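These protein sequences, in sequence, are chains A and B. Residue numbering for the first sequence follows the numbering used here, beginning at 1 and increasing consecutively. Residue numbering for the second sequence follows the numbering used here, beginning at 1 and increasing consecutively.
To be clear, the hints were calculated from the coordinates, so they are not data collected in a lab. Since the model is a prediction, treat every value here as computed from it, not as a measurement. Certain hints may be false.
[Stated by the list, open to error] Here are the simulated SDA-like pairs of lysine to any residue, each with C-alpha atoms no more than 20 Å apart in a straight line:
no., chain 1, residue 1, chain 2, residue 2
1, B, K126, A, G340
2, B, K221, A, K269
3, B, K94, A, R363
4, B, K221, A, E94
5, B, K221, A, P341
6, B, K126, A, P341
7, A, K269, B, S231
8, B, K126, A, L3
9, A, K243, A, A193
So you can see what is in the structure, the chains are spelled out below.
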Amino acid sequence: MDLMHKLTILTEGAKYDAACTSSGTERPGNRGLGSTLAAGCCHSFSADGRCVTLLKVLMTNICIYDCKYCVNRAGNDVPRATFTPQELAGLTIEFYRRNYIEGLFLSSGVIQSPDHTMELLISTLSALRYKYDFWGYIHVKTIPGASPSLISQLGHLADRISVNIELPSEKSLKMLAPGKTRQSILTPMSQIANEIRTGREELSHYKNAPRFAPAGQATQMIIGASPESDLHILNLSSGLYEKYRLKRVFYSAYIPAVADSMLPSLDSKPPLLREHRFYQADWLMRYYGFTAGEILSEQNPNFNPFLDPKAGWAVNNIHSFPADVNRAPLEVLLRVPGIGPTGARRIITARKNSLLSLAELKRMGIVLKRARFFITAAGYTPPIRMNKEAAVRALIDPSVFSFGTEQLSFFSPGSLKLPGAGDTRSMEEAVMEASKCISANL
Amino acid sequence: MHLGEPLAQPRDIVYVYDGTVPGFYCCVYESVFSRELPLAVYSEERFRPSFWPLKNISPDENVARKVQSAIAKKISPRALELVENVCFSCMENKEIYLLRFLQKGFSIGRKITGMLGDPDVAPLLKAEGHLLRERHLLVGFVRFSDCGDALTATIAPKNFILPYIASHFTSRFSGENFLIYDRTHNAALIYQDGRSQIIRAEGFVPPPVTKAEAIYRSLWKQFYDTVAIQSRENPKCRMSHMPKRYWDNMVEMQDQL
């Protein structure tokens, strides 16, 4: 089979993987080929608007497992291919030299046995690192069920290593991924976490200690194939960040690729809005100082389709506003709808030098569309006294209307009905209707 | 707040300089010591004859160095960095904005660097941000072709970002020879046998595509097309992350133009 054909099959099999980041480690060049950037680097954007940074492919799409949701499941009738380590290493180098990519993102189906598959991954990475002297970014997915010594070898060759959580609960795993158990996922995850930690300690003793996954560990799970609540999933992420010191948790909206009676039907749309809400919440936990419990609760266990999670918090905590931009501490500024980490830091620098009015804020690039209802500044107080309904009207997420009539929580059809184009005469009216309905329900 | 006497009076006069950064510092020197804020400052390239009286500012390395160190000492090192970045940016009439900023800076000192919302500071920060963002994008969007002897690429950025991406590429591809041609600014970054320089270059024509090069291009194109998920197609989102004006020089976008 020629390289073009293989590349097509093995990209097809890898494309549903959410993660495609090349961040987390800064390695200068001048040694062999390649370097890495702490912030990562996008090289292109595909037609779905996702960043293309790494050559994201499978080693093979042959698989001995039969996970129900997976395109590469053993029982699915698709063309199969396998790269040789030489082929894949060579292709990576040629793409890299042309600045198409930041490096390689390699995962794989399980061919013959987990350990055999691991050996293929290891020889590909060894060829890159030692034959080609390649020091660009490598993200690798370890194979469930692989022996610890091979995981250790793989981690010493890669920048980032990850184990997919796959599904948010043991029950869903049993149902949809019968070859995998919670234990078989968490054991390598904790081994990796330990090796990363001891690697850091060694590095402080010996400067040239080989580094284990310097860009850390990540994971991903599928959203919308199984019935867990948003709160359940968010608590899970929060626990993973804490317990295993993960760098990232990725959420991937379930895209029906195979028909199965236990899965959403083939014609169901991927829950993109719900996925989007998870990333927003994840960001709030990592960069804004929110906890999972502040974002969702037992009373409101699912995301609101109309309000992003930060807006949702603001609506329920109206008493904490308005915040005075000339005095409020960073933590408080970060909770103002419409102000992000960059804006908040700018405000703190600028107010040391002069009193800030709306004009200054505008010139500094702070977007006031939403923020103006929640702040005071020199010579400015919000135009209206805030109550729940007014806050909802100010914060309602306009993008929700472009996501169509997607059901936010797949298995809870009781959630709010979005006003469709037929129900209202204009966007404005839709917003009014929705605000009334939401504030009454909160 | 007392800002002190304005150092300079607006005057109906036009400065013409050579368009280089040291040349611009000489304009600063002239403006400060003549206590005037000119109506306009033009580089020789951009100069159009006008009714206003002209002042030709000739470049002088010594004067430029003096001004440079005065900015760092009397205002702040960050002010100097900002001024240099804006000099390389595509901001329209940047010289006048810079003069206004510097006049004010010499008058009130270090404090100006933190006045992010000030009408004489904010536009410069915006121009700087635009340049740094474009640099960040182009680090990813540059596409090299292997013509056998070297890697070559063409870019067409709005800001003059070659000096800003040079070290990234020379350290990443330290064992290669390469050339990046900037079509907008008629300049090229050349890296050969471990040494790099930026030169003036006009009308660079890329060498013919070799057979091997054509194969890797089509493999990349195939990868790019395959990795997109059809059910998530979102052209608007792609366009906002990867503005159309860069597509021209990107292999994978050729058929989309």
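Results for each hint:
no., hint, result
1, K126(B) - G340(A), "holds (17 Å)"
2, K221(B) - K269(A), "violated (27 Å)"
3, K94(B) - R363(A), "holds (17 Å)"
4, K221(B) - E94(A), "holds (13 Å)"
5, K221(B) - P341(A), "violated (37 Å)"
6, K126(B) - P341(A), "holds (17 Å)"
7, K269(A) - S231(B), "holds (8 Å)"
8, K126(B) - L3(A), "violated (46 Å)"
9, K243(A) - A193(A), "holds (9 Å)"
Violated hints, listed in ascending order, are 2, 5 and 8; each of the other numbered hints is respected by the structure.
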